[in-house]
Amino acid sequence: MTRARNVMVATGLVAFAAAGLAFPFYMASSRQPVIDPSRPLPPQATFRGPYINTGSRDIGPDHQTYSKK
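No gaps in the numbering here: position 1 of the sequence shown is 10 in my numbering, and each next residue is one more.
Be aware that a few hints might be false.
[Claimed, not checked] Using C-beta positions, here's what the derived DEER-type ranges look like:
(1) Pro-46 to Val-18: 39 to 47 Å
(2) Arg-12 to Phe-34: 29 to 37 Å
(3) Ser-76 to Ile-44: 38 to 46 Å
These aren't lab readings, by the way, just hints derived from the structure by calculation. Just so it is clear, CB atoms sit at the ideal spot from N, CA and C, and this is done for glycine as well.
Construct the complete structure from the given sequences, taking the supplied hints into account.
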C-alpha cells in the first residue's frame, strides 16, 4: 500500500511540474495574443510599466568610470 501511494504521489508531482513547465510554451504558441494591441492598456499595466521596465535605454550609456572602494 505504501509503495503504491508513493508512486501515485510521485506521478502526480511529475504531472503537475510538467504542466507548469509547459504552460509558457502553450501561451506563446496561441494564435490570439494575450494583450489585444488594438485596445489601450488597462490602468494597472500602465501604472506598473515604468517600475518593471528594467531594460530601459532612454538615458544612454554611462561613460563615467567608477573606482572600487
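Structure-based check of each hint:
In this structure the hint that Pro-46 and Val-18 lie 39 to 47 Å apart at CB holds, the actual value being about 44 Å. At roughly 34 Å, the beta-carbon separation of Arg-12 and Phe-34 lies within the given 29 to 37 Å, and the hint holds. As the Cβ distance of Ser-76 to Ile-44 is approximately 44 Å, the hint placing it in 38 to 46 Å holds.
Of the numbered hints stated above, none is contradicted by the structure.
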